[in-house]
Amino acid sequence: MTAVLRIEDLTLDIVSSEGTKPILRGVSLEVEKGSVQGLAGESGSGKTITGLSVIGLEPAGAKLTGRIWLEDIELVGLTGRRLGDIRGRRIGMVFQDPTASLHPQLTIGSQLTDHIRYHLRESKRAAQARALDALNRVGITASQRILSRYPHEFSGGQRQRIAIAIALACEPEVLIADEPTTALDVTVQAGVLALIRDLVDTLDLAVLFVTHDLGVMSAIADRVAIMRGGQVVEAGDRHQVFTDPQHPYTRALLASLPGAKGGINSRADLRRLDLSANAIEGDGL
Amino acid sequence: MSSDRPQPILEADNVYVEYRGTPPVKAVRGVSLALYPGEVVGLVGESGCGKSTMARVLTGLLKPNRGEVTYRGQPLRPLGLGRRPLAETGIQMVFQDPGSSLNPRRRVEAQIADGLRIAVRRGALGLADEGSGEHSDEASGERSGQRPNSGGPSTPAEWLVRVGMEADDARRYPRSFSGGQRQRIAAARALAARPDVLVADEPISALDASTQARVAYLMTTLAARQGTSLLFISHDLSVVRLIADRLVVMYAGRVVERGPTEQVWNDPRHPYTKSLLAAIPVPDGAGKLPAVGPAGEIYPDHEATR
Ligand SMILES: Nc1ncnc2c1ncn2[C@@H]1O[C@H](COP(=O)(O)OP(=O)(O)OP(=O)(O)O)[C@@H](O)[C@H]1O
Ligand SMILES: Nc1ncnc2c1ncn2[C@@H]1O[C@H](COP(=O)(O)OP(=O)(O)O)[C@@H](O)[C@H]1O
Ligand SMILES: [Mg+2]
Ligand SMILES: [Mg+2]
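As they're listed, the protein sequences go chains F and X. The working numbering numbers the first residue of the first sequence as 1 and each following residue consecutively. The working numbering numbers the first residue of the second sequence as 1 and each following residue consecutively.
Keep in mind the hints are simulated off the structure, nothing from the lab. For each residue, glycine too, the CB sits at the ideal point set by N, CA and C. Possibly wrong hints are sitting among the right ones.
As the list claims (entries may be wrong) - The following label-pair restraints were derived from C-beta to C-beta distances: (1) F/77 x X/245: 34 to 40 Å; (2) F/65 x X/269: 54 to 60 Å; (3) X/48 x F/136: 25 to 31 Å; (4) X/245 x F/244: 34 to 40 Å; (5) X/99 x F/248: 56 to 62 Å; (6) F/150 x X/286: 35 to 41 Å; (7) F/16 x X/72: 53 to 59 Å; (8) F/150 x X/168: 33 to 39 Å; (9) X/14 x F/240: 52 to 58 Å; (10) X/25 x F/129: 35 to 41 Å; (11) F/231 x X/36: 36 to 42 Å; (12) X/269 x F/136: 32 to 38 Å; (13) X/30 x F/122: 53 to 59 Å; (14) X/104 x F/16: 20 to 26 Å.
Assemble the whole structure, with the sequences as input and the hints as a guide.
Structural data, given as structure tokens:
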């Protein structure tokens, strides 16, 4: 097993005029080739910030300590062209809202080919061929006509596929996917999950998959990490975390979910729920 | 109509809604839906299928192009200028974003007191409180012995406790609460009015997974306790199927399937319902990808047969 991406003891504070706000408190994670590392946990626990830190997009005022390795390159502190050579080239990313990764006024063809030409410095013709390939790979039957369309001419699920195509066009080793299916209907989500799994298996891609949905996590992740209050409170093999959770927070989380082992699977289970607002301490605060 | 069958409290009959635009959007295309006293109906379907449009029609916020809504056997007058007729405040609503159910600039107690006042005016709660509402907990707490006729909470503080919060939270403003807490406050405000019907449009969709089942069950039990019928709208079946007595499945502006929850969940008939159920990912650690339905299939227009 080879970890392509290693996050070691990452600590992040946001310093502003209001003082110092601790966001991440010693996060360590590894993502292996051909495998999906899931990252779940409560809202505000630091999942998104962890993913953004990997690609050098942490918020303004962030002070970061710890190390992030892509193979043997240390990413913390990289700037300029050296960061640009990695972000989008060796590490692709996809976010919840595909409109955030797609420019509304540019055809998807020019977005794909600009991205490819910037990173791979290929001829226009080669970049176009690669763009068509990338679209075919995500299940969009590609043609010159498709390339000349604008993002709004596609459905939500298709737009997310296009965002994935751009993220993967330069054949990165790592994909950071932050809630990539959260805005999609479940039937559309099923297709995108199957696509990501297929890319992991066929391209040996390493994926850091952020989601708040433990059903999605159970479907896609090989290894699972659960975050809370800026820390990874539990990490392990998917099956182990779901069936034999060790941390009280993970246990409480699963106990409140429909479909989970020991979760809410009947009306009788509902009746034993603690209904007070702070039943799981913090209640999403 | 036979007299041994209970009358629906709220009923939409063959409703059509078309939004103007180029092209116009046929959002609802012939939907009939009845809510009987005290029941919980889950209205499910994917985004854009017309659930929120039906919610607005059923609460009188939107006049359908065709078809009629009756409340207690009388045509529901859509909200127009001026105030909604008193009887119709027997229909309350909770939205996905608790921000749209609550006023950010008023204390929580004042907003729950609004609900209580509606209940009093409708004669659904015994006590009249003529005060401003800001201090209603002290005010009505003083009234000796007298309790509202049905024995439920009669002050904002009591309502907060009923929805799992602290009495002290009454003095705070909505923004200082988490999403889950705000949704509890919105439920308290709506239910304090002792409505006959509560229409909740995606009330748990914006909440953390750990909170969803608890808030849904809380709304259900509180509604049941005071005999309020609940229309619980959601695109996510995994929680709804646990709280609803009946399910109504919409697809592209129509009802494609309806029936008792167990029947629809265990034995879906319509191909759309089948693919919807098969696509729900289960948090069991099995690593099973949800089934991918037939790509881009348009299901035939088809009203539920049962
Ligand atoms: N740009 C920013 N400036 C300051 N604080 C921020 C910024 N972005 C996020 N935070 C704070 O950092 C913490 C972690 O946020 P993050 O977005 O990583 O959470 P998350 O786990 O992804 O939550 P969610 O499930 O809601 O997406 C939160 O306290 C949040 O308020
Ligand atoms: N105010 C509006 N103006 C125009 N179209 C609308 C409006 N509200 C909803 N629609 C359209 O009507 C359809 C049904 O929407 P909606 O009832 O909100 O669905 P749901 O709540 O099931 O997601 C969609 O195609 C939507 O885009
Ligand atoms: Mg996030
Ligand atoms: Mg809606």
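Now for the hints, and whether the structure bears them out:
Here the CB-CB span from residue 77 of chain F to residue 245 of chain X is close to 59 Å, at odds with the stated 34 to 40 Å. Taking the beta carbon of each, residue 65 of chain F and residue 269 of chain X are about 58 Å apart, inside 54 to 60 Å as hinted. For the pair residue 48 of chain X and residue 136 of chain F, the supplied restraint of 25 to 31 Å holds, since their beta-carbon distance comes to about 28 Å. Taking the beta carbon of each, residue 245 of chain X and residue 244 of chain F are about 35 Å apart, inside 34 to 40 Å as hinted.
The hint said 56 to 62 Å for the Cβ distance between residue 99 of chain X and residue 248 of chain F, and at roughly 32 Å that hint is violated. For residue 150 of chain F and residue 286 of chain X, the hinted distance range of 35 to 41 Å is satisfied, since their beta carbons lie about 40 Å from each other. In this structure the hint that residue 16 of chain F and residue 72 of chain X lie 53 to 59 Å apart at CB holds, the actual value being about 56 Å. Against the hinted window of 33 to 39 Å, the Cβ-Cβ separation of residue 150 of chain F and residue 168 of chain X comes to about 53 Å, which falls outside the hint.
Checked against the given bound of 52 to 58 Å, the beta carbons of residue 14 of chain X and residue 240 of chain F, roughly 53 Å apart, stay inside it. With their beta carbons about 39 Å apart, residue 25 of chain X and residue 129 of chain F fall inside the hinted range of 35 to 41 Å. For the pair residue 231 of chain F and residue 36 of chain X, the beta carbons lie near 49 Å from each other, so the given range of 36 to 42 Å is not met. For the pair residue 269 of chain X and residue 136 of chain F, the supplied restraint of 32 to 38 Å holds, since their beta-carbon distance comes to about 36 Å.
Range check, residue 30 of chain X to residue 122 of chain F: about 54 Å between beta-carbon atoms, so the 53 to 59 Å window is met. For the hinted restraint 20 to 26 Å between residue 104 of chain X and residue 16 of chain F, the CB-CB distance of approximately 24 Å keeps it satisfied.
Comparing the model with each numbered hint stated earlier shows that hints 1, 5, 8 and 11 do not hold.
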